[in-house]
Amino acid sequence: MSDTATMDSGPALGRRAFLKVSAAAGGGLAIAATIPMAAKAMAQGGPAELNAFITINPDNTITIIGKNPEIGQGIKTMLPMLIAEELDADWDMVAIEQGDTNMAKYGPQLAGGSFATPMNWMPMRQTGAAARHMLLQAAALRWGVDIASLSTEPSVVVHAASGRRATFGELAGEAATLPVPDPSSVALKDEDDFRIIGTPIGGIDSPKIVRGEPIFGVDTQLEGMVYAAYERSPVFGAKLLSANTEAAKAQPGVIDAFTVEGNGNAQELVDGVAVIASNWWLANKARSVLDVQWDNGEWASHSSAKYEEDARRFMAEGKPQEELSAKGDVDSAFASAAQVVEGEYSYPFLAHVAMEPMNCTALVKEDGSIEMWAPSQTPQGGQTAVAQYLGVEPDKVTVHITRMGGGFGRRLTNDYMVQVAAIAKQMPGTPVQLIWSREDDVRSDFYRPSGWHKLSAALDENGKITGLKDHFVTWDIDGGAFNPALMPVTEFPFNYVDNVDYSLTKMPTAVPMGALRAPTSNAIAFVFQSFLDEVAHAQGKDLPTLMLEIVEGAEAEPDTMGFVGPQPGFKPQRLRDVTRKVMEMANWGQPVAEGRALGFGYYWSHQGYFAEVVEASLSERNQVQVHNVWVAGDVGRHIINPYGALNQVEGSVIDGLGQAMQLAVEIEGGAVKQSNFHNYQLPRMPMTPQIHVDWVKSDHSPTGLGEPALPPVIPALTNALHALTGKRVRSLPIDTSLFA
Amino acid sequence: MAVRVKINGETRDIDAPEDMPLLWALRQELGMVGTKFGCGIGMCGACTVHVDGQATRSCAMPIGSIGDREVSTIESLGQSPVGQALQQAWLDEDVMQCGYCQAGQLMNATALLNSNPNPTDEEIDNAMRGNICRCACYKRIHTAIAAVARKEDTANV
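Protein sequence lines, in the order shown, are assigned to chains A and B.
Residue numbers for the first sequence follow the numbering used here, beginning at 1 and rising by one.
Residue numbers for the second sequence follow the numbering used here, beginning at 1 and rising by one.
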């Protein structure tokens with residue numbers, strides 16, 4: 001079938017602009033993009049640039065630009081696959097280059113929200129198709145034939161009637177002189193003819209990685225480069241009083257040390273002391289003699305224990321500060337309920353701990369411009385922030401996008417970019433590489449918000465949910481365009497219950513918060529799918545059966561406006577299909593091995609529908625063991641790169657299990673207690689379960705996979721533990737003393 | 001006074017304090033950035049190199065303590081048959097997501113197969129538990145190691 005630019009198929013690429021969207025309140029993530037298709041004929045016989053993304057060389061090799069930052073999600077391979085498919089390129093002759101930060105040239109460059117697939121599915125294909133059209137036109141002119149009589153084979157234009165053939169390389173020089181067609185008017189392939197989309201293709205940079213070649217941000221090496229470490233207060237919100245920079249300057253290898261004043265925005269620059277040395281290890285070591293004095297203010301009294309106590313009190317008092325969303329008459333529903341189910345749930349702060357610690361390299365030049373090598377998920381946002389900080393126009397800030405050793409949402413915030421700009425500004429002409437220690441990373445993160453929920457459901461005599469309440473105790477933070485400490489106003493099953501009241505109480509804090517892979521969903525899925533499991537048990541049924549009943553006969557919900565464009569509405573049929581699929585895969589309802597039990601979890605996030613079943617047991621010492629995880633996912637009718645897709649799902653499952661079983665960041669004295677991998681213990685190889693993945697290929701355009709497979713595995717595990725022990729996990733990470 | 005270390009078959013003089021960890025000497029004194037910084041306390045394995053063939057955390061090994069022992073790093077991994085086979089298996093299994101930890105994973109896996117050419121699944125798990133992969137590509141790392149072990153095993157029959 002061929003695609004049309006409906007809302008559900010992602011935004012189509014118009015002649016000049018394919019997307020013009022302003023985010024709602026907050027407005028931090030406003031995107032207005034153009035992809036100019038100006039062709040440029042190069043010198044005769046040289047490379048021919050057919051548009052901003054495609055250059056074809058006379059030897060028939062093709063260079064395609066990967067525009068989005070690569071954090072391990074496979075986007076540097078996947079977006080060029082879309083271009084190459086419609087260009088009808090010979091993939092073996094394609095080289096991929098990372099594009100620099102350039103909104104005018106490439107449009108939005110963002111690694112976040114699993115947005116890349118839905119945002120680029122049409123535009124990248126149209127980019128390839130437009131270039132193919134130019135090659136066909138060039139052949140039609142050369143041979144004096146009708147363009148309709150021409151076709152392509154991989155990287156070759158063919159005139160079947162005469163048997164004439166010309167490679168893309170032979171035609172590219174002529175093609176580049178032709179007018180660029182309106183990309184939205186160019187015909188796309190029949191999707192049945194795809195031969196690159198749907199083919200497993202290995203990561204484009206993998207050969208370099210196994211040889212240890214320098215491709216990550218922290219591998220950047222420049223002539224005369226020096227290294228910076230940055231000392232900041234462990235207590236969030238502290239102000240710098242004094243530091244002994246002279247003592248640091250006397251340390252071996254140290255070139256300079258100076259204080260840096262924050263700009264009042266903790267998302268960008270907090271007070272600190274920079275130490276510069278010929279080797280980062282020497283710079284970092286010299287921090288120990290700085291004797292920094294901080295004014296911690298009121299924040300040093302804050303702790304996780306205090307937050308826990310306050311939150312429990314708010315839930316017990318039962319007087320939320322504000323309404324999130326409500327409908328119907330909840331009080332009447334509870335007054336007339338045949339049965340009421342109640343449960344409190346909570347989850348901790350989490351850190352991102354990408355393997356490559358935060359870093360950035362910068363060179364401030366004599367004219368005040370700055371060149372940066374930035375491992376950032378939002379390099380365009382970083383460019384703007386650095387320009388504002390330095391007081392220069394954004395075009396004075398050149399940002400090279402480097403491969404990243406993981407992102408997980410940490411690198412959506414560009415504090416390290418502003419930090420290195422503040423340091424490099426003091427040393428014009430000298431390239432500076434800022435590196436954070438792992439301790440800096442763990443203790444200076446933008447954490448997944450912790451939260452507490454008191455849920456109540458009113459059931460009638462038939463077991464139907466007639467009323468639903470959630471008192472959500474969360475944080476009073478300035479979330480900007482996206483507040484990770486909230487939840488969707490129509491959080492499921494809001495639209496399927498007549499009387500609902502979701503309310504909030506917000507507590508003050510200086511703990512910085514941000515998006516962690518599958519933000520909000522990674523916590524809310526646990527809360528709501530656990531609670532619905534309780535409701536199902538109260539009705540004497542299981543969770544997948546309850547889920548299917550709740551949406552029985554329901555129609556698709558209307559599309560809405562999301563962060564970066566149209567957001568398809570919830571499609572109950574897709575929930576039904578993944579739920580039934582995973583029940584079949586896991587033999588749900590059939591006996592399982594002695595001492596083991598199954599649990600189910602479902603979630604819809606980032607446009608992907610995932611239902612998962614976990615098979616778990618307890619060891620003799622009551623340690624949780626996960627044996628099998630079955631995953632049924634629906635991200636549309638194509639799995640663009642099956643290799644990358646499977647890798648994302650497997651990683652998401654283990655990531656989620658790690659969060660459920662062993663991860664928490666705690667606050668003590670206003671600072672983070674954890675500091676490195678000995679007390680923030682990521683999953684390791686021996687805990688890897690068997691992971692079985694299958695797809696429901698519903699007839700929707702493909703959407704992203706960086707996130708949606710993560711949320712449901714957490715309640716699937718805790719629901720399995722309930723099935724096994726009768727004990728309800730109400731707080732993460734799982735406290736195994738519950739099973740003693 | 002320079003510290004003399006033999007790295008990938010070459011004798012290198014490093015002008016740095018003796019207590020500087022090998023990791024930082026490799027990366028920033030010698031410009032060999034294939035060996036990665038992950039935690040600085042020997043807990044993640046990203047910085048794994050071989051010292052006289054033993055998998056060693058270079059973030060916790062002062063250059064002054066190496067002496068006559070020979071260091072080899074990811075940059076020379078392809079020169080050994082097992083290392084080369086593992087590099088190829090990593091590509092065949094499409095092991096990587098972000099790839100940052102993989103130099104350390106490969107160095108550790110090579111040391112494992114050099115000392116135990118035919119490990120059981122449990123032996124692979126135990127030998128690799130010191131290497132964190134934040135993207136959690138563990139299933140593929142395991143499969144790639146097992147595939148090379150099987151191949152080597154067949155070759156020896």
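Keep in mind the hints are simulated off the structure, nothing from the lab.
From the three backbone atoms N, C-alpha and C, an ideal C-beta is built for every residue, glycine too.
Please note: incorrect hints may appear among the correct ones.
To be verified - Straight line, CA to CA, 25 Å or less: simulated DMTMM-like cross-link-like pairs of lysine to aspartate or glutamate: (1) A:Lys697 with A:Asp193; (2) A:Lys208 with B:Glu18; (3) A:Lys425 with A:Asp193; (4) A:Lys425 with A:Glu170; (5) A:Lys697 with A:Glu191; (6) A:Lys249 with B:Asp15; (7) A:Lys365 with A:Asp395; (8) A:Lys189 with A:Glu170; (9) B:Lys151 with B:Asp92; (10) B:Lys6 with A:Glu170; (11) A:Lys464 with A:Glu534; (12) B:Lys6 with B:Asp92; (13) A:Lys208 with B:Glu75; (14) A:Lys464 with A:Glu342; (15) A:Lys249 with B:Glu75; (16) A:Lys464 with A:Asp295; (17) A:Lys319 with A:Asp291; (18) A:Lys208 with B:Glu10; (19) A:Lys208 with A:Asp367; (20) A:Lys249 with B:Asp19; (21) A:Lys425 with A:Asp395.
Unchecked claim - Covered stretches of chain B, going by a simulated chain A footprint (3 or more residues, C-beta under 8 Å): (22) 5 to 15; (23) 46 to 53; (24) 63 to 73; (25) 114 to 120; (26) 144 to 150.
As the list claims (entries may be wrong) - Cβ-Cβ distance ranges computed for the label pairs, FRET-style: (27) B:Gly64 with A:Ala247: 20 to 30 Å; (28) A:His400 with B:Glu70: 35 to 45 Å; (29) A:His400 with B:Gly67: 38 to 48 Å.
Verification of the supplied hints:
With a C-alpha separation of about 17 Å, the suggested pair A:Lys697 and A:Asp193 falls inside the 25 Å cut-off, and the hint holds. Restraint check for A:Lys208 and B:Glu18: not satisfied, since their Cα atoms lie roughly 31 Å apart, outside the 25 Å limit. Taking the CA atoms of A:Lys425 and A:Asp193, the gap is near 53 Å; set against the 25 Å cutoff, the hint is violated. Distance check on the hinted pair: A:Lys425 and A:Glu170 sit about 48 Å apart at the alpha-carbon level, beyond 25 Å; violated.
Distance hint between A:Lys697 and A:Glu191 is fulfilled; the C-alpha atoms sit about 14 Å from each other, no more than 25 Å. Proximity of A:Lys249 to B:Asp15 is assessed by CA-CA distance (about 19 Å); at most 25 Å being required, the pair is judged to hold. Between A:Lys365 and A:Asp395 the CA atoms are separated by roughly 14 Å; this keeps the pair inside 25 Å, and the hint holds. With a C-alpha separation of about 23 Å, the suggested pair A:Lys189 and A:Glu170 falls inside the 25 Å cut-off, and the hint holds.
Taking the CA atoms of B:Lys151 and B:Asp92, the gap is about 13 Å. The hint holds against a cut of 25 Å. Pair hint B:Lys6 plus A:Glu170 does not hold up; C-alpha atoms about 51 Å apart against a cutoff of 25 Å. At most 25 Å may separate the alpha-carbon atoms for a hinted pair to count; A:Lys464 and A:Glu534 meet this at roughly 13 Å. Restraint check for B:Lys6 and B:Asp92: the C-alpha separation of about 32 Å exceeds 25 Å, so the hint is violated.
Using a Cα cut-off of 25 Å, the hinted pair A:Lys208 and B:Glu75 holds, with the two alpha carbons roughly 10 Å apart. Between A:Lys464 and A:Glu342 the alpha-carbon distance is near 15 Å, which keeps this suggested pair within the 25 Å criterion. Restraint check for A:Lys249 and B:Glu75: not satisfied, since their Cα atoms lie roughly 34 Å apart, outside the 25 Å limit. A hinted pair counts as satisfied when its Cα atoms are at most 25 Å apart, and A:Lys464 with A:Asp295 does not qualify at roughly 55 Å.
As the CA atoms of A:Lys319 and A:Asp291 are separated by approximately 46 Å, the hinted pair breaks the 25 Å bound. Straight-line distance between C-alpha atoms of A:Lys208 and B:Glu10 comes to about 22 Å, which keeps the hinted pair within the 25 Å bound. Straight-line distance between C-alpha atoms of A:Lys208 and A:Asp367 comes to about 36 Å, which puts the hinted pair past the 25 Å bound. About 19 Å separates the Cα atoms of A:Lys249 and B:Asp19, which keeps this hinted pair within 25 Å; it holds.
For the suggested pair A:Lys425 and A:Asp395, the alpha carbons sit about 17 Å apart, so the restraint of at most 25 Å is met. Coverage of the region 5 to 15 of chain B by chain A is violated in this model, with 0 residues showing a Cβ closer than 8 Å to a Cβ of that chain against a need of three. Coverage of the region 46 to 53 of chain B by chain A is violated [criterion: at least 3 residues with CB-CB distance below 8 Å; count 1]. Given as covered by chain A, the region 63 to 73 of chain B fails the check, having 1 residues with a CB less than 8 Å from a CB of that chain where 3 are the minimum.
For the region 114 to 120 of chain B, the assignment as covered by chain A is violated, since 0 residues bring a beta-carbon within under 8 Å of that chain's beta-carbons and 3 are needed. Check on the region 144 to 150 of chain B: 0 of its residues sit with their Cβ under 8 Å from a Cβ of chain A, so the three-residue criterion for coverage is violated. Checked against the given bound of 20 to 30 Å, the beta carbons of B:Gly64 and A:Ala247, roughly 25 Å apart, stay inside it. At roughly 36 Å, the beta carbons of A:His400 and B:Glu70 sit within the given window of 35 to 45 Å.
Between A:His400 and B:Gly67, the C-beta spacing of about 40 Å keeps the proposed range 38 to 48 Å intact.
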